[in-house]
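Given the structure of chain Y, go ahead and fit chains F and C onto it with the hints provided.
In the order they appear, the protein sequences are chains Y, F and C. First residue of the first sequence? That's 1 in our numbering, and the numbers climb one at a time after it. First residue of the second sequence? That's 211 in our numbering, and the numbers climb one at a time after it. First residue of the third sequence? That's 354 in our numbering, and the numbers climb one at a time after it.
Hints listed in this document are in silico derivations from the structure and should not be mistaken for laboratory results. Hints may be right or wrong, so weigh each one.
[To be verified] Stretch by stretch, here's where chain Y covers chain F in the computed footprint (C-beta under 8 Å, at least three residues): (1) 240–251; (2) 278–287.
[Stated by the list, open to error] Here are some of the chain Y residues that sit facing chain F, going by a computed Cβ distance under 7 Å: (3) Ala8; (4) Ser12; (5) Phe15; (6) Leu169.
The structure displayed is predicted, hence computed values, not measured ones. C-beta atoms are modelled at their ideal positions from N, C-alpha and C, and glycine is treated no differently.
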Amino acid sequence: MSDTQIEAAELSARFLDLHESQTVFRLLLDALSQPGKVFHLPAELVARIPVVEVPLLALLGYDTPFSLVSGDSSREHLIARATSGRIVEPAVAAYVGVCDSRIDLLPMGFCLGTPMRPDTAAQVSVQVNGIFTSATESTGTLHVRGPGVETTNHVSCDGATTSELEFLLRRDWTAPRGLDMWIIGVDGSFIGIPRTSHVSAGRSWNKGVS
Amino acid sequence: MSREDICSSLASSDAIALETLINSLIARGAIANIEMIRPPSTGTIQMQVREPICEERFIVGDALVTVAEVSVAGTLGWAMRLGGDANAAVAAAVADAHIARVGLEGVPELAELISFTQLELDRTEEREWAEIRETIIDFEELD
Amino acid sequence: MGYAAARGGLNAILTAENLVRRLRDLDPSERIELDQFTGRLRLLVDRVMGESGLWAPELAAMALCQGEGDLIEAVHLLRAYKSTLGRLDTAIPLHANDIQLLRRVVPAFREPGGPQILGRSTDYTARMLTTTDRDIVDASDSTTTLDTALKTRPSNSRMSDVLRDMDLLVDRRRTDDPEPFDITRTPAKPPAPRSALLSSMARAETGALVNQWYRNILGPDGYLHEVTLGEVRHGKLPINVRHPMTGGSVNIGSFRATEVEAIEDLNGSEEDRTRFDVGYGFCFGHNERKAIAMANLDIACYRDGAKSGLEQSLLMTTDGLDSAGFLEHLKLPHYVTFRSMVERKVAVRRVADGSK
Chain Y
1 MSDTQIEAAE
11 LSARFLDLHE
21 SQTVFRLLLD
31 ALSQPGKVFH
41 LPAELVARIP
51 VVEVPLLALL
61 GYDTPFSLVS
71 GDSSREHLIA
81 RATSGRIVEP
91 AVAAYVGVCD
101 SRIDLLPMGF
111 CLGTPMRPDT
121 AAQVSVQVNG
131 IFTSATESTG
141 TLHVRGPGVE
151 TTNHVSCDGA
161 TTSELEFLLR
171 RDWTAPRGLD
181 MWIIGVDGSF
191 IGIPRTSHVS
201 AGRSWNKGVS
Chain F
211 MSREDICSSL
221 ASSDAIALET
231 LINSLIARGA
241 IANIEMIRPP
251 STGTIQMQVR
261 EPICEERFIV
271 GDALVTVAEV
281 SVAGTLGWAM
291 RLGGDANAAV
301 AAAVADAHIA
311 RVGLEGVPEL
321 AELISFTQLE
331 LDRTEEREWA
341 EIRETIIDFE
351 ELD
Chain C
354 MGYAAARGGL
364 NAILTAENLV
374 RRLRDLDPSE
384 RIELDQFTGR
394 LRLLVDRVMG
404 ESGLWAPELA
414 AMALCQGEGD
424 LIEAVHLLRA
434 YKSTLGRLDT
444 AIPLHANDIQ
454 LLRRVVPAFR
464 EPGGPQILGR
474 STDYTARMLT
484 TTDRDIVDAS
494 DSTTTLDTAL
504 KTRPSNSRMS
514 DVLRDMDLLV
524 DRRRTDDPEP
534 FDITRTPAKP
544 PAPRSALLSS
554 MARAETGALV
564 NQWYRNILGP
574 DGYLHEVTLG
584 EVRHGKLPIN
594 VRHPMTGGSV
604 NIGSFRATEV
614 EAIEDLNGSE
624 EDRTRFDVGY
634 GFCFGHNERK
644 AIAMANLDIA
654 CYRDGAKSGL
664 EQSLLMTTDG
674 LDSAGFLEHL
684 KLPHYVTFRS
694 MVERKVAVRR
704 VADGSK
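Same shape as in the complex, but just chain Y (with noise of 0.2 Å):
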């Protein structure tokens, strides 16, 4: 294939159609209301676009800041060209995607909004190396309180590293500060994190490979 058929193949496949995006954004907005509860993304997507990206093909719009966090430039402006969407500083981005989650900025170095415009603040979609499940006490890696959730979810993240989730630990602001955040696993299944839970290490924290 030439450049310019791979432009065009990948172009081609991150133009969501509109049951695509409703889909997504259904999905997204349930994983926000329900923090720690696993979701899947639609396999279909997850087969032809970067899961990372697939958040914000559904919901960037026509001049939305956005960025994408991963090294390749290149794929920003795919997703630039496909949404309309205009590329600015990771810190100053309306939505981000961040492909490696080890980075610094993740995750105090993004727009937390502010006391009076705090919808102003980043929605994050970070991926990482693992699988997400559903776990118990016992077993999960992550516990997660806070609204939305009764008591406590746990969920597990079979294949990630320790070092890659540590940035859950490290959320530190003040309520109504804060991200909103989409941790994706490379299946597709997420979690949706939003700024006001609480996120603790589960009793199988260590046991990941770091």
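Only chains F and C this time, still in chain Y's reference frame:
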């Protein structure tokens, strides 16, 4: 003719004539390996005007458009047309890609359609002006 | 104000809606085709597009048809439809001088640089209602001798430029280029940038703007006096967008607009009384009433400098959908509100009677 001028003509071409022509070119194999990159989507474009008093821009509103992107044998094509006609937008995008690939001289039927479109636009312009110029007025001031 | 959480009546509501559809669509008269709206009721279609902020003649015609000719209803339908569409791009900003004139009159000057073109106008027509069919005049029957110098359209000189050349115009041209305020994303409230005011007025309800202007001429508000009109124009402007692959400008068609310059005689103690200033009006379609009112109110608002409530009135009370929507919500059940008022009155009377 520049690619932009060609696109402009394709945006104004009669929708049925354009679709019919593209379909016939596809049917006889003159245009092949078409891939949909961006399915036709109808939306709006924002329109800004710079007014002449303060030279300030303001938004007057939006226009309804339909946009489509295709690939023809690896060459990307794009079209945007006023209104909601998805088929016409796709046809124009295919034409844009194909002409970018083979040149206007490589597809005489499209060259003819584009030329005809320009001619029609010019004729409409002339007819319109011919009517309007008869209303030119020169008032006399009374002493 | 309190609303009743009312239930029931779903069948009656559905039947009422069905009644509208049935009586509209099954009327024994011939069905109206959309091109009859765009061809023979063009000014109405233009008004709907102007007040909904969307250039889409066929959709505006559909909205008028569905709304049974109710203009505000048609605007509501078109704006609601627009809200379901994504914004794909921003057209390359155009300059008002890009207009291809269909009509141009300059009441202030007899020779304003370039010809005055009456165009399609009934300004000088006696208002005689035609009650019979009339033959259409064949344009080729015209015997007017044409000035050969005007076989092509003249350049777009402007009355305000004439005033500038005579050094009679206050220069308010900006050297910065601020991004225009988008009233579809953020509601505009005073104090708002001028771009917000122009956008708000561009899609305001025509009658509201005319009323705002007139009440300030003859009514108690008295914020402004009559201007002299400079340009009154109707014409076509190009819609240009960027080709994503080449970055070059592509013309995808045109839209029509009405444009007015209103010349204000400056007479304030802190104003430059040796010069004029100009207000600007611009709206979709052919709607001179609206553009004239808009130009008047633009300069009035500037001169007012937020001393009065004019800016607030323009920003917050001239949108047709806002005002009609609030007005018509009064038709919804207000049982709680009214019952509480009745109970208060009965209680007050009881106390009054008891104290006698």
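Status of each hint after checking the structure:
1. 240–251: Check passed, 5 qualifying residues.
2. 278–287: Satisfied; 5 residues make the cut.
3. Ala8: holds (4 Å)
4. Ser12: At 4 Å from the nearest chain F Cβ, Ser12 (chain Y) passes the 7 Å test, so the hint holds.
5. Phe15: It holds, given that the least Cβ distance between Phe15 (chain Y) and chain F is near 5 Å, below 7 Å.
6. Leu169: violated (41 Å)
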